[in-house]
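Colleague: Chain by chain, the residues:
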Amino acid sequence: MANVGTDRVKRGMAEMQKGGVIMDVVNAEQAKIAEAAGAVAVMALERVPSDIRKAGGVARMADPAIIEEVMNAVSIPVMAKCRIGHIVEARILEAMGVDYIDESEVLTPADEKHHIDKTKFTVPFVCGARDLGEALRRIAEGASMIRTKGEPGTGNIVEAVRHQRMMQSAIRRVQAMSEDELYAEAKNLGAPYHLLKQVHDLGRLPVVNFAAGGIATPADAALMMELGSDGVFVGSGIFKSENPEKYARAIVQAVTHYQDYELLAHLSKNLGQAMQGIDLATLREEERMAVRGW
Amino acid sequence: MKIAVIAVQGAFREHIAALRQLGADAREAKWARDLEGVDGVVIPGGESTAIGKLMREYDMLEPVRELARAGKPIYGTCAGMIVLAKRIEGEDTVHLGLMDVTVRRNSFGRQRESFEADIDIPAIGAPPFPAVFIRAPHIVSVGEGVEVLATYEDRIVAVRQGNLLATSFHPELTDDYRLHQYFLNMAQAPVAH
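Heads up: the protein sequence lines correspond to chains A and B, in order.
In this note's numbering, each residue carries its 1-based index in the first sequence increased by 10.
In this note's numbering, each residue carries its 1-based index in the second sequence increased by 1206.
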């Protein structure tokens, strides 16, 4: 008897992505560049986050024609984003055979209270989180992979660092807690006790934990690995740089060899202009994506 | 016994944990120098295009081939099986090109078709093995001297050729270590070439 869509199969898929780079792409040509550079998966989008910011208005699931174009172009896994709480966008993506769904704050939320019940799906989901409580709430809903939210489309790493720091420091604190303290902490964090207990026992999240949101250079990617990420998502950072091919290759190698500083120096040479960044202080509150999701 | 687990990308930590549980001195191999003096090599699951590319860029392919020629056991799981194969359907690039098999990538479908199933592997005895298939490849055809260890619905999913071992599925995601033990036994009794 073959069992599809089990936790082991859904979480296992993310385990296979570890130590790798998942790249945002908007067409077949970019997808091929990403695959050739050694990306472990691509995220098929209509616009990268920095263009979503520029365009304004309501950001929705990409046109299925674009996602299909990308799926036909590469043999590596293809991910796609649906709006927070948008069950039907997720079902459409699942029906298309997308390999992983990102229930993403980069798009405009469809539901201000409920995330999707991801346990009901065969396809696995990745969700963003700013801290341990948020990560465990998403895992309780069935997320098989977690990523930091960061502040997407800014080329500014500061929020991703904040989120991964908060996550790792909370994990270390939970690890040191006594059994009875865990009950109080579960209430504090707004997270299910049984998942918190797993974090206590494992010393990490029970699913793979990637970094995302603001990674623009090989050094940024290596920094996120240094802080305990299992791998990285790079959104606008590659195809909004001056030389996407070079950036893609360099970031892939930087993630594998994140503690080899001489190599990182070599990889960072003559890359050309990185994507234009945004100082977060210049963003209005309603322009911040990291605060979406509950 | 020193076992190098190729650690350029993928589920290498799980393999290291399984091998250490069995008493082996398992370590990460990110560079060619990490392959010096080892008694065996494991190529983990991950994305075969990424693993193959990084092994090529960091000159790790030839040292692994040399270890194979010296009779040291090499074990590839999923992506690792693709990296080991002499032929990959529809692709001109092969990676290690050691094992006389033709593999088909993603042959069970996309992620939503990924599955778990208990399969019989006579070489490791009863009970059936809990096999986890994730966007898994299968072996379309084998050359002479390749022993089929297991099939699932008439597709070849585990093979051995002398000191080379490959499975479509991921024993490193389960706590059944019989295949890792089988591999370590191969390292203890090297096959002459």
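Quick caveat, the hints were computed from the structure, so don't treat them as lab data.
Heads up, the beta-carbon is just placed ideally off N, CA and C, and yes, glycines get one too.
Check before you lean on any hint, since a few could be wrong.
Claimed, not checked - Covered, in the sense of this in silico footprint (three residues per stretch, anywhere, with C-beta under 8 Å from a C-beta of chain B), are these stretches of chain A:
| id | stretch |
| --- | --- |
| 1 | 26-36 |
| 2 | 41-55 |
| 3 | 83-95 |
As the list claims (entries may be wrong) - To list a few chain B residues with every Cβ distance to chain A over 10 Å, as calculated:
| id | residue |
| --- | --- |
| 4 | ALA1256 |
| 5 | LEU1260 |
| 6 | GLY1303 |
| 7 | SER1320 |
| 8 | VAL1354 |
Colleague: Would the non-interface assignment of LEU1260 of chain B survive a Cβ cutoff of 10 Å against chain A?
Modeller: Non-interface label on LEU1260 of chain B violated, nearest chain A Cβ at 6 Å vs cutoff 10 Å.
Colleague: Would SER1320 of chain B pass as off the interface with chain A, using Cβ distances and a cut of 10 Å?
Modeller: 5 Å, violated
Colleague: Is the listed coverage of the stretch 26-36 of chain A by chain B valid when you require three or more residues with a beta carbon under 8 Å from a beta carbon of that chain?
Modeller: holds (count 5)
Colleague: Grab the minimum beta-carbon distance between VAL1354 of chain B and chain A and tell me whether it stays above 10 Å.
Modeller: 20 Å, holds
Colleague: Given that the stretch 83-95 of chain A was listed as covered by chain B, double-check it with a C-beta distance under 8 Å for 3 or more residues.
Modeller: holds (count 3)
Colleague: Between the stretch 41-55 of chain A and chain B, are there enough contacts, at least three residues with CB-CB distance under 8 Å, for the coverage claim to hold?
Modeller: Held - the stretch 41-55 of chain A has 5 residues with a Cβ nearer than 8 Å to chain B, which meets the minimum of three.
Colleague: Verify that the Cβ of GLY1303 of chain B lies farther than 10 Å from every Cβ atom of chain A, and report whether the claim holds or is violated.
Modeller: 18 Å, holds
Colleague: A cut-off of 10 Å on Cβ-Cβ distance, and ALA1256 of chain B was said to be off the interface with chain A. Does that hold?
Modeller: 4 Å, violated
In terms of the numbered hints stated before, the structure departs from hints 4, 5 and 7, listed from lowest to highest.
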